[in-house]
Amino acid sequence: MSEYLEIDEDSSGKETIQCAKCKYVFCPLTQNYKNYAIFGEYPLDRAGPAVFYPPSQRFILREFYCPECGTMLDVEMVLKDEPPLWNIQLKPKS
Amino acid sequence: MSEIKIDPITFEILSHKLWQITDEMASVLTRTSGSVVVYEVRDFMTALYDPAGNAVMIGCGVIFHGAATVYAVKHVAETYKDNPGINEDDVFLLNDPYIAACHQPDMVLITPIHYQGELVAWAASMCHVPDSGGIDPGGFCARATEVYQEGFRSPGIKVIERGELRQDVWDTILNMVRDPGGVGLDLKAEMATSQTAKRRVLELIGQYGVEMFKAACAEMINYSEVKLRARLAELPDGKWRAIEYLDDDGVTEQARKVVLTMTKEGDSLTFDFTGTDGQSASNRNSSLAATQGGVFGSLAPMLCYDVPWSQGILNVMKVIAPEGTIINPKMPAALTEGTIGPAYLVQDAALVTISEMLNASEKWKEEATAVWTPSVAGQAFAGVNQHGTFMVTLFMDHQGGGGGARTYADGVDTGGILWQPTTTMPNVEAYEMVLPVLYLFRRQTMDSGGAGKFRGGVGGEYAFMLYHSPTGHAIMPPNGAIGTEAAIGYGISGGYPTVVKRFKMVRDSDIKAWIERGEIPQYPEELKGDLTLLSMRDVWAIGDNDVFYQNWFGGGGYGDPLDRDPEMVRKDVENMLVSMDCAERIYGVSIDHETLEVDLTRTAQRRTDMRKNRLHLAKKAKQ
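So the sequences go chain by chain: A and B. With our numbering, letter number 74 in the first sequence gets 74, and the count goes up by one each step, no holes. With our numbering, letter number 11 in the second sequence gets 11, and the count goes up by one each step, no holes.
These are calculated hints, taken from the structure and not from any lab test. Since the structure is predicted, the reported quantities are computational estimates derived from the model, not experimental observations. Ideal Cβ positions, reconstructed from N, Cα and C, are used throughout, including at glycine. A couple of the hints might just be wrong.
Said to hold, decoys possible - Some, not all, of what chain A presents toward chain B, calculated at C-beta under 8 angstroms:
{"hint": "1", "residue": "Thr-16"}
{"hint": "2", "residue": "Ala-20"}
{"hint": "3", "residue": "Tyr-24"}
{"hint": "4", "residue": "Val-25"}
{"hint": "5", "residue": "Pro-49"}
{"hint": "6", "residue": "Ala-50"}
{"hint": "7", "residue": "Thr-71"}
{"hint": "8", "residue": "Met-72"}
{"hint": "9", "residue": "Pro-84"}
{"hint": "10", "residue": "Trp-86"}
{"hint": "11", "residue": "Lys-91"}
{"hint": "12", "residue": "Ser-94"}
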């Protein structure tokens, strides 16, 4: 599915999204994994203090992590009030 | 339509010959034009079309123009077939963005090719000429609020009729631009390349016959479509989404976004931009042709790098671009910034979604990439040069933008622009030869590649001053008004974006005292004088003691930076591509400041602590 997300099946045969590193199960494939991850919001200069100086007051980095192993799954660069983007929505097999 | 069937071997030969024609057209342009933008940077397009205007072969160059020009050729073929008529040895000029051009300075020349009186093909080329007569020199009109302020706009005018240059038309066009010498040279270079295309196509027909030529053209389109659909069928079905931002709309402070949902189902691919913000009151809008071209600009190199770039790809690519938005504005919106503003955001968004789709496939994962340099970062220069000639040209050092990180390797440092595979970074000396400027430095920028398990390629920065300027003054209208606040060069799978770009001027500086001492400043902040962060809404002026500075983008990163091999980080520090500060703070690598050796034990502990810290500080999302 991506570098850190993979598809597995639960006991009922439904496809789920899990962390490729620690196998933490986020949610069914039909839902946005970001709603089941944890996240932090930071100014842009987190990605490079010197090259982003002075950092924007409106745009932020929103980092999504696996709640189990802390791996960074995705980074959004968005306006503060933008909801999490469902960036990957694979079609279920059935 | 041809009445004969082409065999695979003959098709292979003819397809390469058609490709070769577009390459030779490019060579003619570079050898004939006197513009740095054309002969040095290669900011142009060459292509061949069938009689109905379908793209047969889009050559390397600025890719998106080849797709946009489909609409130009179709328009001329349909609109002017009876009046003034399409005759042997005619050449038409079109630069109307509301029909097909990407913006006014991108002047498309369209040439019908006849064989024994029958129209058998069209050749087309595009150059970004020095000026189009708009409110600001150089073609990008930062102060324009209507297309009427952006220069002359031709829906298709016959500049050559039956082999004769129309002097009245020629004089009228050059009468409307600031640098008639430079514009005239570029247009004549395009006329020369159209003659080359015509000669080579007729030679091909002479060798293989007109029916075989037609069959080859038809198969170019069919083959591309079949190959692309087969590739799509191997990729997973689903939806991928991306959002890109204009920092502001050029009039108010309101940021404007491009929203893309890409849907892949079986062998079909739809790019739906529903949700994109309404059109801007400034020139920060993209014509529909540029938007279509923008999607093609990412699709062609990502999924069709081994397939002829033809109408077959466009037949598969479905684009939904709501009218009245920054990617399909209504008349009379200005849109000269479109090609390097919203249309670039379209390309970047398309690249992210295509890459995420490839990354979801074990077979195609290695083809995925983070965003390459997400826009350009330049300005025009208008003034009297050291030879006493008034001229207008564009600074295009940003062509050495950083490549996006890949799933298995770093992006290429100052590697180029993904959708401009044959453009090049101009030499410093090329500008110093024709403009009254002296570069103080040009180099790769430390920390400008988006961090990640694999980092983006770094971008660059430079500074110059006026030198041997007879007037001690020049005008510099900016272009590329995106990415000065929002970091639009996204990483994927946990990679960070690349830098934002800055334009600075140190006015009334002490640069001449530095030079007299035999020293060169490394940063504009080292100079005495008034340091200003320049606004993209103004037309800048540079004076005799001023120093101008700008940086340009790198590429986005791939994967979590804490997963990067510590030895790769050490090498980056050694090569001054990553600072010690970022090595420790972003990558979690402990490096001895004297010996540059990595302490693996401390690195492992630091990374463990950083992951724990993420969990400690993070919030739970709403479910």
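How the hints compare with the structure:
1. Thr-16: Violated - the Cβ of Thr-16 (chain A) stays beyond 8 angstroms from chain B, reaching only about 15 angstroms at its closest.
2. Ala-20: Where the cut-off is 8 angstroms and the nearest Cβ of chain B is about 10 angstroms from Ala-20 (chain A), the hint is violated.
3. Tyr-24: 12 angstroms, violated
4. Val-25: This hint is violated: Val-25 (chain A) lies away from chain B, its Cβ roughly 14 angstroms from the closest one there, beyond 8 angstroms.
5. Pro-49: This interface hint holds because 6 angstroms falls under the 8 angstroms limit.
6. Ala-50: 6 angstroms, holds
7. Thr-71: Holds: closest Cβ of chain B sits about 6 angstroms from Thr-71 (chain A), inside 8 angstroms.
8. Met-72: 4 angstroms, holds
9. Pro-84: 7 angstroms, holds
10. Trp-86: 6 angstroms, holds
11. Lys-91: 4 angstroms, holds
12. Ser-94: 12 angstroms, violated
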